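**Q** Sequence:
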Amino acid sequence: MATPNPPDILKQSLSGSGILNDAAAEVLKASGASSMLALMRHTLKDDRDGLKSLERIGDTFLRVGAPKDACECYREAMGMAERMGDKERVCRFHLALGSALDEGGQPTLALESYRSGMTLARALGDRGLEARFLNNLGILSQKGNAPHEAIPYYEKSLVLKEEEKDFRGALSTRLNLAALLATLTRWPELDPHIEKILLRAREVRDDRSEAYGYLLQGQGASARGKWESASASLSSALALFQKMGDAEGELAATLSMAEAAIELRDAGHAYVLLKAGQEMADRLRDGPRSARILTLYHRLDRILAPPGRDHTTTPIEEITRERNGLSRLQEVTHALNCENDPARIFDRILDATVSLTGAERAFLMLREGEEMRVRASRSQNAAAAPAEAVDKGVSRTIAESVGRRGIPVVSTSAVQDKDWSTQRSVSDLNLRATLCVPVRSRKRVLGVIYVDDRRRDHAFGLVDLRLLESLADQAALALFLASTRTEAAPAQTNPFEGKTLAEVERAHIEATLRSAGGNDADAARRLGLTAEELADRRR
Numbered sequence: 107m108a109t110p111n112p113p114d115i116l117k118q119s120l121s122g123s124g125i126l127n128d129a130a131a132e133v134l135k136a137s138g139a140s141s142m143l144a145l146m147r148h149t150l151k152d153d154r155d156g157l158k159s160l161e162r163i164g165d166t167f168l169r170v171g172a173p174k175d176a177c178e179c180y181r182e183a184m185g186m187a188e189r190m191g192d193k194e195r196v197c198r199f200h201l202a203l204g205s206a207l208d209e210g211g212q213p214t215l216a217l218e219s220y221r222s223g224m225t226l227a228r229a230l231g232d233r234g235l236e237a238r239f240l241n242n243l244g245i246l247s248q249k250g251n252a253p254h255e256a257i258p259y260y261e262k263s264l265v266l267k268e269e270e271k272d273f274r275g276a277l278s279t280r281l282n283l284a285a286l287l288a289t290l291t292r293w294p295e296l297d298p299h300i301e302k303i304l305l306r307a308r309e310v311r312d313d314r315s316e317a318y319g320y321l322l323q324g325q326g327a328s329a330r331g332k333w334e335s336a337s338a339s340l341s342s343a344l345a346l347f348q349k350m351g352d353a354e355g356e357l358a359a360t361l362s363m364a365e366a367a368i369e370l371r372d373a374g375h376a377y378v379l380l381k382a383g384q385e386m387a388d389r390l391r392d393g394p395r396s397a398r399i400l401t402l403y404h405r406l407d408r409i410l411a412p413p414g415r416d417h418t419t420t421p422i423e424e425i426t427r428e429r430n431g432l433s434r435l436q437e438v439t440h441a442l443n444c445e446n447d448p449a450r451i452f453d454r455i456l457d458a459t460v461s462l463t464g465a466e467r468a469f470l471m472l473r474e475g476e477e478m479r480v481r482a483s484r485s486q487n488a489a490a491a492p493a494e495a496v497d498k499g500v501s502r503t504i505a506e507s508v509g510r511r512g513i514p515v516v517s518t519s520a521v522q523d524k525d526w527s528t529q530r531s532v533s534d535l536n537l538r539a540t541l542c543v544p545v546r547s548r549k550r551v552l553g554v555i556y557v558d559d560r561r562r563d564h565a566f567g568l569v570d571l572r573l574l575e576s577l578a579d580q581a582a583l584a585l586f587l588a589s590t591r592t593e594a595a596p597a598q599t600n601p602f603e604g605k606t607l608a609e610v611e612r613a614h615i616e617a618t619l620r621s622a623g624g625n626d627a628d629a630a631r632r633l634g635l636t637a638e639e640l641a642d643r644r645r
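Take the sequence shown: its position 118, counted from the start at 1, is 224 in the numbering used here, and no numbers get skipped.
I should point out that these hints are in silico values taken from the structure, not numbers from a laboratory.
Predicted, not measured: the structure shown is a model, and the values here were computed from it.
Where hints are given, some of them may not hold.
Capping the alpha-carbon separation at 25 Å, the derived lysine-lysine pairs in BS3-like fashion look like this [claimed, not checked]: (1) K151 <-> K193; (2) K332 <-> K302; (3) K193 <-> K302; (4) K174 <-> K151; (5) K381 <-> K549; (6) K174 <-> K158; (7) K271 <-> K302.
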């Protein structure tokens, strides 16, 4: 297909064919406004079609990132509209020119264009156009570090749009105003706007406005320490952003929810949210948000750490323990690959659990129908006991919660934790610290690994959570592989028979990568490998 040239683009724009395609737009950008306008001046007449063509070319320049060329086209169009005596069109081109000047980094000239256009709109009695100018003046003031000047612009624009029954336009302006009030931490003024945003967004079925309304509501509740209300609003925002595929909004809601979870001391939920947030921030290459995630991880570590620990830096003992734990996890992963017998798999999982966390007791529970049943147990004070003998020795409330929600639970002091202290199983067992993570295959929770300690509070921290979660991932894979081997035909009881250990290991690594969504860093962590080791073993 031949590349369009400027005359072809000119014909296309004059034919009224609509928005120019990307190929034509790129040629237009390369040509520049001056050459295009030189061609057009010999062809265009001062009429409605001429104005349309100029507007279309100007809009295309703006779309391809050439605001200066767009300004030239809008000025030409404005002159044509003045010669025609079409004051409404002059007014509209002032609006377009102001936006192009603002995008081109010329806020002073943009301000002049908006003010001139607004004066003309008032003279014409066009309240709808006046409202749009006021809204844009608010945006310009806010961007120019004059937020207090922006508020009256937004408020006047809002009144006019409501009077003109421009409900979608009013919704947009109200969102701008609400976001500004949130930035200025003027929460009492924000509340009535949030209520109207949510009400109007539902009426006009505007998911984006509703999502940002919930986000602002949640952030406002967080700022005032109403963490449970914040969590509910942010959950609604997150669901809507996910529905729309709005990655920026989803990340903002996720991190705000993580902060609320930390304040509510829901450490397991906070950890899951921070992990998800980090994956999104990496995809978006969002450095500032990644820095915020790191700060939130430090806050999470502080609520799990024993009182009195120096939090200015992460203690070297913790770093060393995590590195040793990852090495141990690597050994366990290799051992699990060699097991076909579920009972031996259970034993290896629990031996590793106690070794990695230092827990007093450890339990592996698997889902059977609607219930979680203890399949194996360990204790530092005794050898393995029959499952039926210890089935009542575990807090089923916590285990069932993790099995149902798929979110880990970390309680630094279960007997004092407001979420669990009222549960009879917790008080009867006199639990001090508890950690429970889901064992999941894809999105299905197969069971949980549960550990507790009746001797000390703050027995489990962020390192324990990370290590136990990685072990649970390997446990799920081992159980899956064991079931696959068991179901194989008698003549081929081992599907990996005849393959080298390296081939089996590569298959295991690829399966882990798939379960990690292709994230090399997450897969390496789950396998207990460094990024370099993972790359080497995939070769």
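**Q** When you check the alpha-carbon spacing of K174 and K151, does it fall within 25 Å?
**A** holds, 24 Å
**Q** Holds or violated: K193 and K302, Cα atoms, limit 25 Å.
**A** violated, 35 Å
**Q** Take the C-alpha atoms of K151 and K193, compute the straight-line distance between them, and say whether it is at most 25 Å.
**A** OK: K151 and K193 at ~17 Å, within 25 Å.
**Q** Take the C-alpha atoms of K174 and K158, compute the straight-line distance between them, and say whether it is at most 25 Å.
**A** holds, 19 Å
**Q** Hint check: K381 vs K549, CA-CA at most 25 Å. Holds or violated?
**A** Holds, at about 16 Å.
**Q** Is K332 within 25 Å of K302, Cα to Cα?
**A** holds, 21 Å
**Q** When you check the alpha-carbon spacing of K271 and K302, does it fall within 25 Å?
**A** Within the cut-off at roughly 14 Å; holds.
Checked against the numbered hints above, the structure breaks only hint 3 and satisfies the rest.
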